[in-house]
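**Student:** Listed here are the chains, written in short residue letters.
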Amino acid sequence: MTLVMTVRESERIMAHLCRAYPEEGCGVLLGHDGAGAREVVGIIALENRREESRHNRYLIAPEQFLSADRTARAAGLDVIGFFHSHPDHPAKPSAFDLQHAWPYYSYMIVNVTRGTAGELRSFRLADDRSGFEEEKVELREVDRDRPGAADRLGAPGDRG
Amino acid sequence: MTARILLPTPLRPYAAHQSSVEVEAATVGDALKALVERHRELRRHLYDEDGKLRRFVNVFKNEEDVRHLGREATPLAPGDTLSIVPSIAGGNGAGAPPRPGARRPPAWATGEDGLPPLSQADLLRYSRHLILPEVGLAGQRKIKAASVLIVGAGGLGSPLALYLAAAGIGRLGIVDFDRVDESNLQRQVLHGTSSVGRPKLESAKARLADLNPGVTVDTYGERLTSENAFEVMRPYDVVVDGTDNFPTRYLVNDACVLLGKPNVYGSIFRFEGQASVFDARVGPCYRCLYPDPPPPGLVPSCAEGGVLGVLPGVIGVIQAIETLKIILGVGETLVGRLVLFDALAMRFRELTLRKDPECPLCGTHRTVTKLIDYEEFCGLGPGSAAAHAEDGLEISARELAQKRERGDDFVLIDVREPQEFEIARIPGAILIPLNSLPERMSELDSSREIVLQCHVGQRSMRALEMLHRAGFRKLKNLRGGIEAWSRDVDPTVPRY
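Line order of the protein sequences matches chains A and B. Just so you know, this note's numbering puts 146 at position 146 of the first sequence, and the rest follows in order with no gaps. Just so you know, this note's numbering puts 314 at position 314 of the second sequence, and the rest follows in order with no gaps.
Source of the hints: derived by calculation from the structure; they are not laboratory data. The C-beta atom is built at its ideal place from N, Cα and C for all residues, glycine as well. Check before you lean on any hint, since a few could be wrong.
[Stated by the list, open to error] Selected chain A positions facing chain B (in silico; Cβ < 10 Å):
1. P62
2. Y104
3. L120
[As the list claims (entries may be wrong)] Cβ-Cβ distance ranges computed for the label pairs, FRET-style:
4. L351/B - E47/A: 54 to 64 Å
5. E37/B - A35/A: 28 to 38 Å
6. D128/A - G79/B: 50 to 60 Å
7. A37/A - T2/B: 38 to 48 Å
8. K355/B - A15/A: 41 to 51 Å
9. D342/B - E47/A: 34 to 44 Å
10. A35/A - R337/B: 55 to 65 Å
11. D210/B - R114/A: 28 to 38 Å
12. R54/B - R114/A: 12 to 22 Å
13. E47/A - S183/B: 58 to 68 Å
14. R114/A - S183/B: 47 to 57 Å
This is chain B alone, in the form it adopts within the complex:
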């Protein structure tokens, strides 16, 4: 009977490079013997020293393994095709049981080395991090082990919280006591329309839980103060400054220096932003850069001066990147460097910052060794804005309305910018933008009572102080500005 034997590639060189050989045989065993008779070099590959077919040599008759038929005694019929099919085996030579621990899952899965373990779900979620050599399993576990405090859940806090949660920071703390206002939504992408009126912490927590349920979010619904700052900040590895006011910014800086923590700084105004990393252990602190706060009212807040909604995205994301670099210990952080971003020019500039040996907080002669009263430090304490109300220098929107109804003699000066005046104005107000007030003071009659007004009351307070220094005495500041007027007196005046 003639049978055809198909040879796999590795055996062909030993059979005159043929892919098949025809032999006369009645059984499978005979056919193979006939094959190695004709091509003797094949023998050692098919048979072992004892003349037995090697275990990894499999013979199929047509489509079936002869082990399921009659093995080597399987009879052959005319036209049958035999195929020699390799099975491939091997393994390490030890032949010994696995060494102790080898069957144990690796440390990254158990966390036995002290860093938190990663789950299968973590591996999928962070796979784009894991394949970066600079992150990898070890780096992702550092991120998971890390805790970061974000001060402020506003413009900067939004991208910060979103990206840091997405990156897998194990514990995120957020400090904010504010509620979501419609005017926040233009830039504070952590919150949505459905959250208007709710505490920012509530909407932040819901959004972050959906984004990454693996992140623990601690919320602090209170103002950060000299009394609670240490307690709030102490549990965190890195503090990120997303504040919008100077007292809190100095407080965050001072507490970080005193606690020995890195402070990832960012600030925004109109079309420009700044970012740096202040770490007094290795570089300058915020006070080395700005030893004194600006006079109150000189630097308007975003509510006063406006801000391009996308700008905090750029600065907040720079802060988030710096935070991750600090945690991972990779790259060059912004320690000793201040990045200045100008969105209109679309330019980044960089200033070198040096540690100030005279810095009262981190210099050689330290005079600030504990947290102080930052409202007072920033000129907002007794004797300034807060005190003005008590001094009778402030007037509420309702009082102003009553004053009008009574027909009192006074002039209302709006110190905002023309484009704000265009959006909304209090009827009868005269526009004198704050920066043109010094040269236009002569237009004012010091014998008449002057009520100063701006958007929320900050710039007008500054104007009031300017006029007071110039000798004006019959002055009042509209508390809460046109915002309060619209809210409490005339809702037809648009709010912005």
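Looking at chain A on its own, in the form it has when it is part of the complex:
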């Protein structure tokens, strides 16, 4: 199992999670799940909807999911997973993550230590819910021949 994404998208993820520190940050991975590798084409950074314990819990509410799903479809993409941070905690799934996991989706976890992003890993739930299987994350340089995800999704770009 491999998850392919551009360095640019990984940086957008890390930037969002660093801003959320010391709370957990979260968001949605959009892309394609092809025959070969699964590819992240864009991300949607979301507000953590937990009302308490945001330092070690995150929640993406159903209406956030529906909205992200609509955005994805409008861009010809699918929701292929989610990302969240583990502030001052290793980037590996917790028992709590396991209890709440859905099959199929990629669960990307980023360690953020003292406000700085560290390790980025991604996992998928085993069919029998017994645990997570790690998938390889392959970072690519930006492909200049293709419009960036941000352009496709209408996100404000850096004109600098």
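Given chain A, work out where chain B should sit, using these hints.
**Tutor:** Positioned in the frame of chain A, the structure of chain B alone reads:
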């Protein structure tokens, strides 16, 4: 009743890859039970071990969350569509309260590690620095913590002050005692037309406050001297030399060596410039390169020799870059290297500079251990230019005018260049450019009084000394040159 259940992507593999399933049921709860009866593998993903619907499984009837209706008892009507919508939850396994300090903002925001903190406004202003790995948060905080003294708010000082302030240097000191003159504006971009006549420090301070209010600007409206140099320079990490004269340049160099500070050097003349970093702790100083000052008048100032207005932009910006590199501790600075820039050829050359073991200031046998009289060192002290006035070798513009009115016998020699002569001249003056004076001396009659004149009085003093050595005795130098003539005698003579 037939209800349609829409399945999200992750559940489809467990329902024969269908995106929707139709079931017969009267309530939402029944419909879901019918679903997992038909597709048994779905059960473990929708229900927990106790047979309860998992908390992260949300069911919407048409567009509404059934939790706001009757939950699993919500009745179904014909044609209703149920959607299973994930909510996604998780978090680190600890479940423990945040470790002490984790909720505290990071050091870059509090400054608890000793470097100044950055504000949200700083993050936006310096974002193009922050994304450079060579700068980053730590580097930008070093820049904010740094203090830089700029000696001179003129041609070099302008780009220096503008770029260093924009870059976020925490404290900028500027030494200058001059006022803004119209002839400065061609290159001294720190000042504007509205500032003509005002002290340069005033317009510099206003411009820099607008450019970056986060920078503290200290101003020293006095000439840098051997008496005040240590006191002025000591509080700064880096000193940048934007001076236009040799006494101050040697003073800045010597004080930097004695204080153990880096001296970012730049100089400009006509179309050429030089830059280096003198840091005697790790490399040569200015005296290793130029042990002795040039004879007075040999190297004209910009006022005398002219300068392409853009040139100080190039050299000043090189100095600003070197200053930032020193503060950041990145890259290779110009320590031990002299960059020579020729704007007409558009070429940069580089000379390797070595520490001179015989350097009287930073060599092995040091003879200069304190600041000296730099006017005298540069041949401008007693016995030279300043003294010439007392010796009666100088004449003011008004005295020259009176001399004319009286009909005194004298010849006025203009030692400027032909292109300057074309712009403005004192009626009756004879043009003999300084560099052609040696071979044209024979044209002069040593029995007549000779008044020498140039733009501001420097080159003509040099000419006077040349003629004096050649045996001429009846010599006078027009103090302040044609500039003074225009100001004090004949305003119709253009000033340039």
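**Student:** Could you run down the list of hints and mark each one as holding or not?
**Tutor:** Evaluation of the provided hints:
The beta carbon of P62/A is positioned within 10 Å of a beta carbon in chain B (closest approach about 4 Å), and the interface hint is therefore held. Contact between Y104/A and chain B, as hinted, is supported at the beta carbon level, the nearest pair being about 3 Å apart and thus within 10 Å. Against a cut-off of 10 Å between C-beta atoms, the interface hint on L120/A is violated, since the closest Cβ of chain B lies about 15 Å away. Our hint of 54 to 64 Å for L351/B and E47/A holds, since their Cβ atoms are close to 59 Å apart.
Roughly 32 Å separates the CB atoms of E37/B and A35/A, a value that falls within the hinted 28 to 38 Å. A hinted range of 50 to 60 Å is violated for the C-beta pair D128/A and G79/B, which are about 36 Å apart. At about 40 Å, the beta-carbon gap between A37/A and T2/B stays in the expected band of 38 to 48 Å. For K355/B paired with A15/A, a C-beta distance near 46 Å keeps the hint of 41 to 51 Å intact.
Take D342/B and E47/A: their Cβ atoms lie about 58 Å apart, and the range 34 to 44 Å is violated. A hinted range of 55 to 65 Å holds for the C-beta pair A35/A and R337/B, which are about 58 Å apart. With their beta carbons about 36 Å apart, D210/B and R114/A fall inside the hinted range of 28 to 38 Å. For R54/B and R114/A, the Cβ-Cβ distance of about 34 Å falls outside the hinted range of 12 to 22 Å, so the restraint is violated.
In this structure the hint that E47/A and S183/B lie 58 to 68 Å apart at CB holds, the actual value being about 59 Å. For R114/A paired with S183/B, a C-beta distance near 55 Å keeps the hint of 47 to 57 Å intact.
Of the numbered hints given earlier, the model fails hints 3, 6, 9, 12; all others are met.
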